[in-house]
Amino acid sequence: MGALRLYAAVVASGLRRYATYRASTAAGIVTNTVFGMIIAYTYLALWDERPHLGGYDQAQALTFVWIGQALFAVMMLGMPSGVEAELMERIRSGDIAVDLYRPVDLQCWWLALDLGRALFQLLGRGVVPLVVGALAFPLALPHDPVRWLAFLVAVVLGCVVSFALRYLVAMSAFWFMDGNGAVQMYGIVGTFFSGMLLPLNVFPGAIGDVARALPWSALLQVPADVLMGTHPGRGPLGSYLFQAGWAAGLLGAGRLLQRAATRRVVVQGG
Amino acid sequence: MTYRASFALTTFGNFAMTGLEFCGILLMFSQVDRLGGYTLPEIAFLYGTAGSAFGLADLAAGSLGRTGQRVRDGTLDVFLVRPAPVLVQLAADKFALRRAGRISQGLVVLVWSAVALDVSWTPVKVLLVPLLVVSGAAIFTAVFIAGASFQIVAQDAAEVQNAATFGGNALLQYPPTVFGDNLLRGVTFVLPLAFVNWIPALYILGRPYPLDLPRWVAFAPPLVAAGCLAVAGCVWRVALRGYRSTGS
Chain Z
47 MGALRLYAAV
57 VASGLRRYAT
67 YRASTAAGIV
77 TNTVFGMIIA
87 YTYLALWDER
97 PHLGGYDQAQ
107 ALTFVWIGQA
117 LFAVMMLGMP
127 SGVEAELMER
137 IRSGDIAVDL
147 YRPVDLQCWW
157 LALDLGRALF
167 QLLGRGVVPL
177 VVGALAFPLA
187 LPHDPVRWLA
197 FLVAVVLGCV
207 VSFALRYLVA
217 MSAFWFMDGN
227 GAVQMYGIVG
237 TFFSGMLLPL
247 NVFPGAIGDV
257 ARALPWSALL
267 QVPADVLMGT
277 HPGRGPLGSY
287 LFQAGWAAGL
297 LGAGRLLQRA
307 ATRRVVVQGG
Chain B
-12 MTYRASFALT
-2 TFGNFAMTGL
8 EFCGILLMFS
18 QVDRLGGYTL
28 PEIAFLYGTA
38 GSAFGLADLA
48 AGSLGRTGQR
58 VRDGTLDVFL
68 VRPAPVLVQL
78 AADKFALRRA
88 GRISQGLVVL
98 VWSAVALDVS
108 WTPVKVLLVP
118 LLVVSGAAIF
128 TAVFIAGASF
138 QIVAQDAAEV
148 QNAATFGGNA
158 LLQYPPTVFG
168 DNLLRGVTFV
178 LPLAFVNWIP
188 ALYILGRPYP
198 LDLPRWVAFA
208 PPLVAAGCLA
218 VAGCVWRVAL
228 RGYRSTGS
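Residue numbers (our numbering), protein chains in the order written: chain Z, 47 to 316; chain B, -12 to 235.
Hint data in this document are derived by calculation from the structure and do not stem from the laboratory.
There's no promise every hint is true.
[What the hints assert, rightly or not] Residues from chain B shown here face chain Z by an in silico Cβ test under 10 angstroms; the list is partial:
1) E8
2) G23
3) L27
4) P28
5) A144
6) S232
What you are looking at is a predicted structure, and each value in this text was computed from that prediction instead of being measured.
C-beta: ideal position from N, C-alpha, C; glycine also.
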């Protein structure tokens, strides 16, 4: 029970920390709205040419665009810039050794901090672009509040998968020291496979099958399909299982990597 | 240039990151033959011209995006006491040659499209291409300068600037037929991004202009660029004169 209270406090501190940057949040909203507009128009042209592309009608395609902009900062769908940067800096400087002596679990601590950040980004940078998109274009947003709740569950699970992926990137700093290359590579792969370029159900052939099976589809494609009810033959429960499976697997891999890395720290310390 | 491996990796990263946008376009064309009535080589031409022009501007003035940060941490004051123009110092600050990745990627697509296009190249059209890229870069540079001026006033607005610069680049990669008339008016008469590549490129492609503009405007970009730079320069001077250090 005490541990739960501790992590709740860490989530709150993550939220508060990001809430301090008000001007930057406002600027982020402008950017997400501008990009949402541009992408929405290109999707309109695309779906004009091929109605029902990827099983989406035009309204659903537009909805996907604006959910993508709303979740952009939450899930770090572009270049990642969340807690993993700070974590890597601590690994580089050696401060991580102090963290390892603390009586809290390292991975859980950073997960809680990142969830606080994600929660703030959802409220701060997510709501406004979605509302602007809904006012400017006909979107396929559900009226059923249960659907919205189901969406929120998928978003939370997606946040955990997003963190688990970036934790792996951060752990690589134990070996490379300078993590910028890994971050950049992650940004490229993540942008491509999350569906930020194009919804994953539009990807042709085998690339599409692979893309939909990879963990990045848990960040945007799955939450969007849960909200619109377009998860083919899977249902919300199947979607949750998919996300939770990746979350557990990736968090476990992060833990293994962390254990291997900590041994190295001891060796380095002499 | 000391860290050769790191330089190679980040330049490649920049190349790949910008190439990703073109992958998005290729993915779209795996499903359709035309987008907004334009074929793949035509859109690649728009993409290549916008990317090259923006890449040049980003290389020259991209560091201006960090002006707000310099205002906040007070290091702008250091530039003020040095005997060189502040704007030049800011642009040269953290000059990153790795940004060349963006230019080379734009040029690769541009060259490919020029070969693949079904256009009867006249000497005028051929000469218009480098003119387009250079004036386009100048217009984007003016946007960077105006953005930096705004950052001195607003202090933390780097992302708003990104919306105009990176957003503008994303916009110009697609044909104007994709967008609504109000948006087209905005980027023609208010923030004249349409002159970066759309208008001269549409002349080369033999396509109708947006908003029924007369044909000769295809040769206006150098004038528009000069005008933009002049306005941006004035805005910059006003912003810098009104600057008070964070301490006061």
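Comparing the hints with the structure gives:
no. : hint : in the structure
1   : E8   : holds, 8 angstroms
2   : G23  : holds, 4 angstroms
3   : L27  : violated, 13 angstroms
4   : P28  : violated, 17 angstroms
5   : A144 : holds, 5 angstroms
6   : S232 : violated, 18 angstroms
Hint compliance for this structure: hints 3, 4, 6 are broken, all remaining hints hold.
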